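Colleague: Go ahead and model the full structure; you've got the sequences and the hints to work with.
Protein chains: 2
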Amino acid sequence: MRYGNPSIAEGLESLRADGCTQISVISLYPQYSASTTASVNDEVFRCLLKMRWQPALRTAGPWHDHPSYIDALTKSVKKHISKLDWKPDYLIASFHGLPVAYFEKGDPYHCHCAKTARLLREKLGMSEDNFKLTFQSRFGPSKWLEPYTETTLRELGEAGYKNIAVITPGFISDCVETLEEIAIEARETFIEAGGENFTTVPCLNSSPESVKLLAQLAHAELAGWIA
Amino acid sequence: MRYGNPSIAEGLESLRADGCTQISVISLYPQYSASTTASVNDEVFRCLLKMRWQPALRTAGPWHDHPSYIDALTKSVKKHISKLDWKPDYLIASFHGLPVAYFEKGDPYHCHCAKTARLLREKLGMSEDNFKLTFQSRFGPSKWLEPYTETTLRELGEAGYKNIAVITPGFISDCVETLEEIAIEARETFIEAGGENFTTVPCLNSSPESVKLLAQLAHAELAGWIA
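Residue numbers (the numbering used here), protein chains in the order written: chain H, 1 to 227; chain W, 1 to 227.
Please note: incorrect hints may appear among the correct ones.
What the hints assert, rightly or not - List time: in silico DSS-like cross-link candidates among lysine-lysine, alpha-carbon distance up to 27 Å: (1) W:50 x H:143; (2) W:50 x H:115; (3) W:87 x W:105; (4) W:50 x H:105.
Claimed, not checked - Stretches of chain W that chain H covers, calculated by requiring three or more beta carbons in the stretch to come under 8 Å of a beta carbon on chain H: (5) 32-39; (6) 57-70; (7) 145-158.
In case anyone wonders, no lab produced these hints; they're calculated from the structure.
Treat the numbers as computed from the prediction; the structure is a model and nothing was measured.
Backbone N, C-alpha and C fix where the C-beta goes; we use that ideal spot for every residue, glycine too.
Modeller: If you want it as structure tokens, here you go:
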């Protein structure tokens with residue numbers, strides 16, 4: 001894990017100690033940014049720079065538009081909504097934000113998020129009237145990618161929307177940014193602004209669709225290494 | 001080039017500027033060492049660490065025992081010797097040396113050189129009686145991998161060997177270490193020690209066998225990236 005345990009360094013050292021001479025690294029961030037995919041790759045590079053006997057390395061590119069990823073997200077929305085006793089009239093796709101300065105320096109993250117959101121919306125058969133891409137987790141005083149998730153939820157509540165669902169496609173697994181920031185804090189914001197029903201679509205986590213997606217990514221990366 | 005122009009940094013920046021999102025790096029050092037293959041990879045890692053929008057990366061492992069490499073070396077020996085008006089009674093496979101300290105720290109370079117030499121010898125149908133693996137280009141006061149090429153040539157000359165050929169399998173292209181250190185200096189050593197005929201087998205350079213080998217390495221590395 002980039003910021004958890006076991007660390008990337010521990011994982012690589014362990015594989016190397018087991019005799020692995022070929023290592024494939026697939027970042028679980030679907031959308032590329034200097035602070036997502038590249039942050040993982042950078043840590044891998046720093047680890048390999050210290051190894052006397054380096055493995056051959058493959059780093060995966062972004063997979064924000066992989067058909068199985070879009071398919072898994074679509075199914076997760078449908079499955080979750082089918083279990084509710086109310087029907088959302090608006091879906092928000094909320095991604096972790098970034099300082100606008102990154103975007104202006106050429107970081108493709110915003111474009112990748114926009115493409116993921118568009119493909120998901122199209123696959124769900126929704127229009128832009130009841131679907132919106134937003135950015136959460138702003139930190140510090142600088143300007144981040146907009147629209148902000150919290151601001152959007154407040155505006156929708158104040159505009160009279162009563163039933164909202166939020167999906168967080170940039171997080172492969174549920175974490176504090178989804179379980180607390182969206183499912184608790186964002187819900188409060190929406191309800192306080194006049195909303196009535198709020199639901200958070202779970203991340204892909206260990207769903208069959210998620211496992212299928214990861215297996216496809218791995219097989220593509222291992223081409224030529226395994227039969 | 002690791003120590004020439006265009007530099008690795010220039011090559012990577014140029015590919016990136018052309019829009020390449022997937023870059024394969026194949027070190028032209030066949031035998032892995034911290035100072036050969038890893039030195040190339042390290043420089044690639046350092047360059048990518050500075051890139052905001054990194055390409056997906058693949059680094060190739062060593063190819064010291066690739067059948068087409070051994071085949072190309074074998075053919076280069078046979079072709080070169082067929083053009084001589086004398087017949088070598090001894091073949092030396094001379095590789096760039098390394099401090100013994102590297103070997104003792106676990107660097108596989110010595111093993112890779114030994115395997116390349118053995119496979120070449122077997123493919124040529126030669127015995128250990130008239131074939132020897134040696135190491136050249138020692139630099140500085142520390143102990144390097146032995147036997148040293150120069151010492152071996154002196155001993156063979158003094159022992160009465162008259163006709164010797166030297167091949168330098170670790171260098172894909174002829175360079176100062178082959179054209180000067182072997183073809184001029186090592187020749188002088190052998191002749192001064194009593195030898196009569198000395199020849200240097202050219203490196204693979206741009207021979208058809210060399211191009212075929214590099215194409216095979218590239219195709220293997222690009223599996224899944226190109227059809």
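Colleague: Are the hints correct? Go through all of them and say.
Modeller: Hint by hint, here is what the structure shows:
{"no.": "1", "hint": "W:50 x H:143", "verdict": "24 Å, holds"}
{"no.": "2", "hint": "W:50 x H:115", "verdict": "26 Å, holds"}
{"no.": "3", "hint": "W:87 x W:105", "verdict": "41 Å, violated"}
{"no.": "4", "hint": "W:50 x H:105", "verdict": "13 Å, holds"}
{"no.": "5", "hint": "32-39", "verdict": "holds (count 4)"}
{"no.": "6", "hint": "57-70", "verdict": "holds (count 5)"}
{"no.": "7", "hint": "145-158", "verdict": "violated (count 0)"}
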